[in-house]
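Read off the chains here:
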Amino acid sequence: MTARFSTLLLFCFSCAIQAQTSRPSEPQGTLSGRVTAQGKALAGSVVLLWKQPMQEPLGIETLSGLTDTDGNYRISNVPPGNYYASVTAPGFFLLEDGRPSRQLRPVVITGSDSIDKIDFQLQRGGVVTGRVVTLDEKPLPEITVVLLPETAKEPSYNQPRKRPDSVKTDDRGIYRIFGITPGRYRVAAGDLVTAYASNNGKPAITRTFYPNLVEESKAPLLEIKTSQVWENINIKSGLPQSSFSIVGKVVDDQSGMPIPNAACGIDIYGNGEIKGGISGLNFTNARGEFVVDGLTAGTYRISVPSHLTFGTAEPPEYFGSSEDIEVVDHDVESVIVKVSRTATLSGTVRFEGANEPSLLAKLQSVRVNLFTTPGPGKEIFFQRLVINKDGSFSMRGVRPGTLGMSLNQAGVGASNSFRISRIERAGVASEDIQITAGAEVTDLTVVMAYVNSSIHGTVKAPTVEPGVKLSGQVYLYSEKTVIGFAQIDERGEFLIQDTPSGTFRLVADIQVAGSKPLRTEQFVTVTAGATVELILTPIRPN
Amino acid sequence: MTKRFRVPRFNDIGATILLLITCVGGFAQTSAPPNSQSLSAEVQSGSITGQVVGERGQPLPGASISIQPINGLQQRIATSDTSGNFKVTNLDPRLYRVSVSLPGYTIDQPSRTEPPVYRIGENVRFQMIRGGVITGKITNAAGEPVILIPVRALRIRNPDGRGVVDSYSYGAVKFTDDRGVYRIYGLVPGTYVVLAGLVSRNTSEVTPYDNQTPTYAPSSTRDTAAEVTVHSGEEKEVDIRYRGELGHRVSGKVRSETFGTGVFLTPRDNEMGLFMMAYQPPGVSVFAITGVPDGEYKITAFQSLAQDPNTLNLALSETLAVSVKGADVTGIELTPKPLGRVSGQIVMVASAASECQGKRKPVFNEMALETKRNILKDETDVIPFPRSSWSTATPNKSGNFELKNLRSGQYFFSPSFFARYWYLQSVTLPSAVSNARSATSSKTEPIRDWIAIKFGDRISGLTLTLAEGAGSVRGKVKGDTETKIPPDLYVYLVPAEREKADDIFRYSGSKVESDGSFALNNLAPGRYWAITQVAGSAQLSPEELWLPSSADARQQLRRDAQSIGKEISIKPCQNVNDYQVILK
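Order-wise, the sequence lines are chains A and W. According to the working numbering, the first sequence is numbered sequentially starting from 1. According to the working numbering, the second sequence is numbered sequentially starting from 543.
Just chain A, with the same shape it has in the complex (with noise of 0.2 Å):
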């Protein structure tokens, strides 16, 4: 493949959703199956297929089906492959096994398959609904509103905006939160980070949980059912929380001038560890000086440059961090942080005894990452590196630490084909290649390599009836090292892509449903871009 041609088939999956396209030379699968809730087929909802590993690939390159009013789907032009289904019904959800689940299904797409009866069933999700007012009894509008499991821990503050166990409540003070799985929930009020809250300029109110308390611990747990509505669940919440602002400067470490134009960003803390972040409403004035308002009493610190940085044409030319900034009950100033000069990296990539030009061009379709790992307990540096079509790349802004590189897919269709194999300085290998700051690094090296074999598998499994669900992983290992991973459908079937030629360790772990997980171990000799097709039968241990 080209990397034109790559671009393309990234183009045309996309279109497959809808439109036909017509690739006779590349097989494609099938995959249909049935929705239904609580019994009853389920117009409306959405199956998914998530490509393997767990990658999310943007909305339009998503594979999807809608269901019709007997609650069938189908989606067809499915490009060989490991994939997960999943399905979307808003205030519904999955129940597999007679669980709730949020499990996705593996499905192995090897070529123009036609995997049928991959069905879902869904329940209606439980409701929780009420108030959210102030001692006064007057409605408190816009307030998240967030329903906590009894076991699991703190959801992250990073959610998704339409995560449905946290709503905010209208301009009444109702909120009504929806598709709950069963179990023992509390209700409260208010957000775990006020500072979100306050730095937005919202009111602010302490996490208060249902009715009105204030400590997890004697908040009366709600045992949620399917299908049920828990009414009238008001919390009563004190006043907004008083916000403050942090005032300080921005000077380079070394000559402690005052550096006008940084972006500062604002890194939140609870209990010693980074709570979240606000960036990009802030920057230094001509004199290097900042204003942060709108914080909650909290332990801060102001960092530069903000940390929504990437895809930026002009690299930070500085990085640094404050100290901890307590915020009590009043502004905090005459805050200094603190900055040093980030380095300059440059060098080219070549590949290991293959093709140059048209393995570069290929790449082109490949994310590489740099990242730079500053030490323990520190924030780890990690941005795309761009590689010309030529082989060189060059970055700027990179702040200290030993030197990495990754590679990711560019999306669905993409290939997996390369592997880093080392990075050189200066003609040497070295896994701890130190970044200095303000360094200027010129003479690097990434040694790639290019692999596109590939083992296609089907577990045959003597003693299992026919019908009964297979579920699994199998691990491909070079010495100790894991270089493939696949998951096994409920057909038996796997495909480890992408893997380079030589002889490996192959080690299979089948799950026949109802009984315990069995073990293979076999060595494979893989030819370079050549399929080995296997057939593992499983002996049940005595």
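Hints may contain errors.
Claimed, not checked - In silico DSS-like pairs for lysine-lysine, Cα to Cα no more than 27 Å straight-line:
id, chain 1, residue 1, chain 2, residue 2
1, A, Lys-389, W, Lys-795
2, W, Lys-679, A, Lys-168
3, W, Lys-939, A, Lys-249
4, A, Lys-138, W, Lys-716
5, A, Lys-249, W, Lys-629
6, W, Lys-795, A, Lys-362
7, A, Lys-138, W, Lys-629
8, W, Lys-867, W, Lys-795
9, W, Lys-778, A, Lys-138
10, A, Lys-117, A, Lys-516
11, A, Lys-117, A, Lys-389
12, W, Lys-716, A, Lys-168
13, A, Lys-40, W, Lys-679
14, A, Lys-236, W, Lys-939
What the hints contain is simulated information worked out from the structure, not anything from laboratory work. Remember, it's a predicted structure, so these values are computed and weren't measured experimentally.
Fit chain W to the supplied structure of chain A, relying on the hints for placement.
Quick look at chain W alone, frame taken from chain A:
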């Protein structure tokens, strides 16, 4: 307020695009040198204070106030206290826009405009009213609730019945709950259409409604949508029977190697100001907007090249026409290109007149140099961006400025400054630039017409001269008998001196308030004729009134003014008060 100070505001799309841009946020140093010590005698920082009150003047606590420099991204925020008061300290001496929000409330505004500009030391009073509420239920053909579908209310008319293109964005949006119920609150009074569907494709999320066209209340397409009028504090019920019809897919490629790109699809007539958008993260070159109903559209890609705290640096593709007729549209290629820039300086000329001694001079860092784009009569290329405020510049301490983000079109420039005895005397360009746009020349030429700017243009040497000696006229428009003041009435001044007939800066207008009062400020001293004009009803377009760039237009205005106007003479630094204009 004098006419040259207002620019339209496209707030929602602005926020959307700003969001895109802050997502690819960053850091860059400007070429401007840090403030020298000579400025230290001036004020280094100050505050903006104010109060938020309700319709009866009662204090409104808990309102969120946002203060942003007119051409920067820095955002300062405050919350009104129990007395409705707020204060933001530590502000650099610049010009700021101040806006307010409070859930359920709104500011009563006939059409959306940029918030006014304030300096440090000023006091801002916001009067808010209870917004309207539109609520209802979305069901499918079987009568079952449609869950988690976006519902939008788009304002199409003012309370007085005049059309507005309020929001070029998705409008106020809320999602339905498990009963199919939605509730949109805090609506500006006016007439709305309500629609369900229209899913934003700027996330990786997949929803059941992605490929479906929006359904307008009660169960219609855009052409037959029902209208609903809400007043302040009023709640209206609007149910929609959702049709779930499959739309088409408009897709293609956009050059997006390093930067995230927004792709906007807008109905060609733009009647409802609605657009559909797809956001491409850096490195993704394919885009698709799905669920598009049949119709005529235009499509544009929009990119932020870099973020700088003082200005944004944008790229925009040409706007292409897209016709969707019963099939998908594929293969659209959009290439964002750098936009035009104009640099220059502001020159100040003091007056020797004794009446003008000891008056306040304009200060460079409290000036805003704004651009206005000429909307031609046959223009179809009306797109809501870049926001005009992204093409606003503040001069540095030497009076030099650079205006960025100017897409192809005809432009003119107007400075706003806080010095009532100063006026804009002239705008010049080096003649070589204005003629051939090539080699620099010491010769300059006064500009009396819109300036054509194309993609990627770099124009330098624009000089704006501010002169001291401005006067002002305040007064009232009186009808003959019980004549009512029309809502779009302007008092317009036309130069009476023959030798000033071609001086376009001597033509200016001011909107007449409902009580008939008007104020014209920053006027060059001289003789004028005052006439009244109803915007849009004159033979000349609003653009021609704003900038009478053709000799014909000027001649016509002078002829009309001479016959019906009343002459008024303004001496240097003179304020004419209680001036009466009779409405004929």
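Against the structure, the hints:
no.	hint	verdict
1	A:Lys-389 - W:Lys-795	holds, 20 Å
2	W:Lys-679 - A:Lys-168	holds, 19 Å
3	W:Lys-939 - A:Lys-249	holds, 22 Å
4	A:Lys-138 - W:Lys-716	holds, 23 Å
5	A:Lys-249 - W:Lys-629	holds, 22 Å
6	W:Lys-795 - A:Lys-362	holds, 19 Å
7	A:Lys-138 - W:Lys-629	holds, 25 Å
8	W:Lys-867 - W:Lys-795	holds, 20 Å
9	W:Lys-778 - A:Lys-138	holds, 23 Å
10	A:Lys-117 - A:Lys-516	holds, 25 Å
11	A:Lys-117 - A:Lys-389	violated, 46 Å
12	W:Lys-716 - A:Lys-168	holds, 11 Å
13	A:Lys-40 - W:Lys-679	holds, 23 Å
14	A:Lys-236 - W:Lys-939	violated, 54 Å
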